[in-house]
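Asker: As a plain string of letters, each chain reads:
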Amino acid sequence: MTQISFKGRDILSTEQFSREDILHVCEVAKSFEKVAQKQETSDIMKGCVMASLFYEPSTRTRLSFETAMKRLGGMVVTAASEDTSSLSKGETFYDTGKMVSAYADVVAMRHPKRGSVDELARGCSVPVINAGDGPGQHPTQALLDIYTIMKERGTVDGLTVCLAGDLKYGRTVHSLLMLLRHFSVKLVFASPAELRMPDEYKEYLRDKNVDFKEVDSLEEGIRGSDVLYMTRVQQERFEDRAEYERLKLAFVLDYSMLERCGGVTGSSAITIMHPLPRVGEISMDVDDLPGAAYFRQAANGVPIRMALLAFVTGRI
Amino acid sequence: MTQISFKGRDILSTEQFSREDILHVCEVAKSFEKVAQKQETSDIMKGCVMASLFYEPSTRTRLSFETAMKRLGGMVVTAASEDTSSLSKGETFYDTGKMVSAYADVVAMRHPKRGSVDELARGCSVPVINAGDGPGQHPTQALLDIYTIMKERGTVDGLTVCLAGDLKYGRTVHSLLMLLRHFSVKLVFASPAELRMPDEYKEYLRDKNVDFKEVDSLEEGIRGSDVLYMTRVQQERFEDRAEYERLKLAFVLDYSMLERCGGVTGSSAITIMHPLPRVGEISMDVDDLPGAAYFRQAANGVPIRMALLAFVTGRI
Amino acid sequence: MTQISFKGRDILSTEQFSREDILHVCEVAKSFEKVAQKQETSDIMKGCVMASLFYEPSTRTRLSFETAMKRLGGMVVTAASEDTSSLSKGETFYDTGKMVSAYADVVAMRHPKRGSVDELARGCSVPVINAGDGPGQHPTQALLDIYTIMKERGTVDGLTVCLAGDLKYGRTVHSLLMLLRHFSVKLVFASPAELRMPDEYKEYLRDKNVDFKEVDSLEEGIRGSDVLYMTRVQQERFEDRAEYERLKLAFVLDYSMLERCGGVTGSSAITIMHPLPRVGEISMDVDDLPGAAYFRQAANGVPIRMALLAFVTGRI
Chain U
1 MTQISFKGRD ILSTEQFSRE DILHVCEVAK SFEKVAQKQE TSDIMKGCVM
51 ASLFYEPSTR TRLSFETAMK RLGGMVVTAA SEDTSSLSKG ETFYDTGKMV
101 SAYADVVAMR HPKRGSVDEL ARGCSVPVIN AGDGPGQHPT QALLDIYTIM
151 KERGTVDGLT VCLAGDLKYG RTVHSLLMLL RHFSVKLVFA SPAELRMPDE
201 YKEYLRDKNV DFKEVDSLEE GIRGSDVLYM TRVQQERFED RAEYERLKLA
251 FVLDYSMLER CGGVTGSSAI TIMHPLPRVG EISMDVDDLP GAAYFRQAAN
301 GVPIRMALLA FVTGRI
Chain S
1001 MTQISFKGRD ILSTEQFSRE DILHVCEVAK SFEKVAQKQE TSDIMKGCVM
1051 ASLFYEPSTR TRLSFETAMK RLGGMVVTAA SEDTSSLSKG ETFYDTGKMV
1101 SAYADVVAMR HPKRGSVDEL ARGCSVPVIN AGDGPGQHPT QALLDIYTIM
1151 KERGTVDGLT VCLAGDLKYG RTVHSLLMLL RHFSVKLVFA SPAELRMPDE
1201 YKEYLRDKNV DFKEVDSLEE GIRGSDVLYM TRVQQERFED RAEYERLKLA
1251 FVLDYSMLER CGGVTGSSAI TIMHPLPRVG EISMDVDDLP GAAYFRQAAN
1301 GVPIRMALLA FVTGRI
Chain P
2001 MTQISFKGRD ILSTEQFSRE DILHVCEVAK SFEKVAQKQE TSDIMKGCVM
2051 ASLFYEPSTR TRLSFETAMK RLGGMVVTAA SEDTSSLSKG ETFYDTGKMV
2101 SAYADVVAMR HPKRGSVDEL ARGCSVPVIN AGDGPGQHPT QALLDIYTIM
2151 KERGTVDGLT VCLAGDLKYG RTVHSLLMLL RHFSVKLVFA SPAELRMPDE
2201 YKEYLRDKNV DFKEVDSLEE GIRGSDVLYM TRVQQERFED RAEYERLKLA
2251 FVLDYSMLER CGGVTGSSAI TIMHPLPRVG EISMDVDDLP GAAYFRQAAN
2301 GVPIRMALLA FVTGRI
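So the protein sequences, as listed, match chains U, S and P.
Using our numbering, you'd call the opening residue of the first sequence number 1 and step up by one each time.
Using our numbering, you'd call the opening residue of the second sequence number 1001 and step up by one each time.
Using our numbering, you'd call the opening residue of the third sequence number 2001 and step up by one each time.
Just chain U, same shape as in the assembly:
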C-alpha cells in the first residue's frame, strides 16, 4: 500500500480519496480510538489552532470536530456565526480564506452554500476540511460511515449495502457512494419514487462498474442486505404535507419490520446506520439491537476527524 501524504492538502470531496487513502485514514483513526474513547490522552496537536467556521447549526459535526482537536491537545478558535457573520457584510469566501490563514493552522468549515468551502480553500494557505457545504459534499461523514462499516462488519468488500430514504436530496448518501465504489459492494437503493437516486449518480456508478439496483419499499431493501443506511425524509422537500406524511411512514424502520425481514439477530442480522439526527424514521424499539450502529457511528466521528486533522497538519 502506497501511503499518500495528506500534509497540507485540503479535504474537500470524497472524490479525492483512493481506496488506499480510505484504508489509511481508517487505520490511523483506529490508532486514535483510545484517545477518542477517553481512555488515553494525547498532545500531538499541541500548539496547533483549528478555526471552527460553522455558518450553519450542526451540533454533531461541530462537537466532534472540536472534541477531536482538543483531545489531541490542540486549540480551537471560533467565530460561530450561524447568521453567516461578516459574510453578511458581503466578503467573498476567498477573502475569508486569506484572512483565516493568518490565524489558524487548519480550518473546519460548514456552510449552507454548495462550493463555498472550495472557494474559501482557494484563498486559504492552510488546510481546509469541508464539514458540509449544503447540498454539496460531506467527506468527513462519508469517511466515518466507511469506518463504521469496517468496525461493525470487519470489512467493506463483499457486502450488500442498502441506502434508504431520501436518496434524491441526501448529501450524505451521495458522498458515501463515492467511497463505496472503491470496494466490491452490491448497492440497493430503497426510496419512494419521488426521492430516487438522481440519474447522474447512477451514471457514475455504471461508469465505475458498481452493481446496484433500485427498489421502492424499505422491506425489500432490507432483505438480503448486510448494512442498512437510513436517511431522513425531510418535510421541506414536499409541497404536499399529506404526501410527506404518507411517504415518511412507509420508510419508518421498526422492530417488527426488521423481524419480518429476518434482520434482528443471528448471522443475517443487519447493521443499521443513520447519519443522525433521526426524526422518527427509526423507531426507538430498534435502539437496543446489537446491529443498531447509529450511535456508535456518531462516536466514530471523533477518531476519523482526529486522523484527518493530524494528517493535513502534518502531525502524523
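Simulated from the structure, these hints should not be mistaken for laboratory data.
Among the clues, some could well be false.
[Unchecked claim] Just some of the chain S residues that point at chain P, by a computed CB distance under 7 Å:
no.	residue
1	1059
2	1063
3	1101
4	1199
5	1256
C-beta: ideal position from N, C-alpha, C; glycine also.
Following the hints, position chains S and P against chain U.
Answerer: Structure of chains S and P alone, referenced to chain U:
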C-alpha cells in the same frame, strides 16, 4: 457526616440533595476558592471535556461554568446554538444525549423547556448538570445561593430569609426553597398579590415543617430578616403594562428604604442577594453597602460549579 | 523612551496612547511575531482567562483576539451572544462588568452601541479592551494599522497617507487619525462629497498641527501618497440606491487605476491597506501586487492583540 459519592451522578434538581450533600458541596467549593479567585491554578480536570449546551442565552451561568471548567484545567466544547440547533431538525433530547456521551465527559445544559435536561440525561451515559430548564429547576444556582448565605452569614441555620419579588414564576426561588428546607430557617415571602408563591410550594413547606409567612410589601419583608433574596419582576408576565409599572416600582429596593427598615449597617444589617441580572429592582445606591452581596454571589458560581464538575466526573 | 506601564489599564480609545505608548506596543508586538506566525509557541498567558464578549458578528476581530490569547497559552470563555444576550434582559453594562470581573482576568468586548464598552469597564475590576463599540472607537484596529505601516514602510514619520472612501461614518479612519497625529505625516482625505471627513476631526487635526488636504477623487488621492488606506462605502448609508452605486464605483481601486497613477511598482509603489472585509472596493487584480498589504494587515491583528493582552494583564 456521611460523604455521599456524586461520581457519575447527574445534577438535575435540588430535590436530590440532602443536608449532608449541600454541606459537602459547599465545603469542596471552599477548597476551590483560591483557584476561582485567580490566586492559584489547578489541573484536576486535565484531559476532561465538558460539553456546554446552552440552548438559551445566559451570560452569567455559561461564563461561570466554562470558567470553572477551564480554571481546573479542563476543556470545553460547544455547539452554542441559541436557536436550539439540530433540535430544530426535530431530534429528541434523548438522542442528543446518546450522541454527546460519545464526545464529552460531562455535560452542562440549559434549555427553555422544562424537563428537557432530564430527557437528555436519560440518553446520556456521562453526567449531566442542569444549568436551568426553563420554568423547571436551576440547582447550581440554588447551591451557590446557599453557599453565599454561608459565606456572608457564617451559617444558614437560625436565619430569617425573605424571598421577594416574583415568587410565582421565579424558578430561582423555587429551587432555593428545596435546599433551604434542610436548614432551620424562617421564611418570609414578600410579593405583590399577583405574584405570590404558588400553593404547591407552600404545601411542600408545610409538609416539611418549614416556618413561613407571606407579606405583600417589600418593607415588611425586610424588617426582621437577616437575608433578603430579591428577584426580578418580569414585564412579560403582565398583560397590562401599567400594572407592571406599578408593581415593579413597589418592589424596588433602594438605600432610603433600607435605612427606614434599619437594615443598612450594624448587627441588623441585612444581606442582600439577587440571582441577577437586575433590571432596576435594586437601586445602584445600594451597591456599596457591606451587605450588598449580589456580585459576590455571582462570583460564587465559579467555586460551586467547580465542585460539582469535579464531583460528578470523579476527579475528587 | 519612558516605558508606560499598561498593567491593569483598560484599552478603550486611541486617545489614551502617546507616541511612546504606540512605539512600545509595536515593539512588543514585534517580539511576538514568531508566535503569531506559528513558528514558536508561548505560554506567557498560562492560567489567564479572557472573556470574549462579542455582541455583534466580527469574524476577523474575534478570531484574532482568541487566536492571540490561545497562542500565548491563555484560555478563552465566551457567551457569544450576538443577540446581546442577557443584556436583552435589560442588564446594564456596568452590572455585566461587575459580573465578568469575577470570572475573567481580562475582557475583550465588541458592541454596536457607542459608549457600551466604557460603561462595562467602569463596573469591571479587570482590564477591558475595546474591540469596537459601534460608531465609537476601535483602538486595537488603529494600533495594528500603525504597526502595518511600520512593517511595510519601515517608519511612519515622513509619509503621505491617503485615507479613502467613507470618511464620514468610518470608525476605523477616525480611530486611526488619533494615532497618526503623533507622527509627522501628511494626510490626504479622498472621499465623495457626501462622505467627507467630519468637521470635528478636521478641527482636531488643525488643533494638533497635522497637515491634511481633501480631494474628491480616488486617483487624486493616490498620486503622491505613500500609503493608501481604503475603506468600505456601505450601502446602508444611502437612501438612494442609484447614488450609492455611482459613488461606490468611483471609489473602486483596480490595477489600471494604480498603473495610471504610477503606484504599481518601483520606488513610488503605494502601500495599500484596508481594514476588511472589502466588498468590491479593491479589485482582485490588485491582490498580487507587492504593495497590497491588506491581508498582511489582517494578520498583524494577532501580534498587536498579543501585546495588548500581555500588557494589561501584567504578563509583560
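Asker: Does each hint fit the structure? Answer for all of them.
Answerer: Evaluation of the provided hints:
1. 1059: Interface hint status for residue 1059(S): holds (4 Å vs cutoff 7 Å).
2. 1063: Nearest chain P Cβ about 5 Å off; hint holds.
3. 1101: Hint on residue 1101(S): violated, closest Cβ of chain P at ~24 Å, above 7 Å.
4. 1199: Residue 1199(S) check fails; min Cβ-Cβ to chain P is 28 Å, beyond 7 Å.
5. 1256: violated (21 Å)
Violated hints, in rising order: 3, 4, 5; the structure is consistent with all others.
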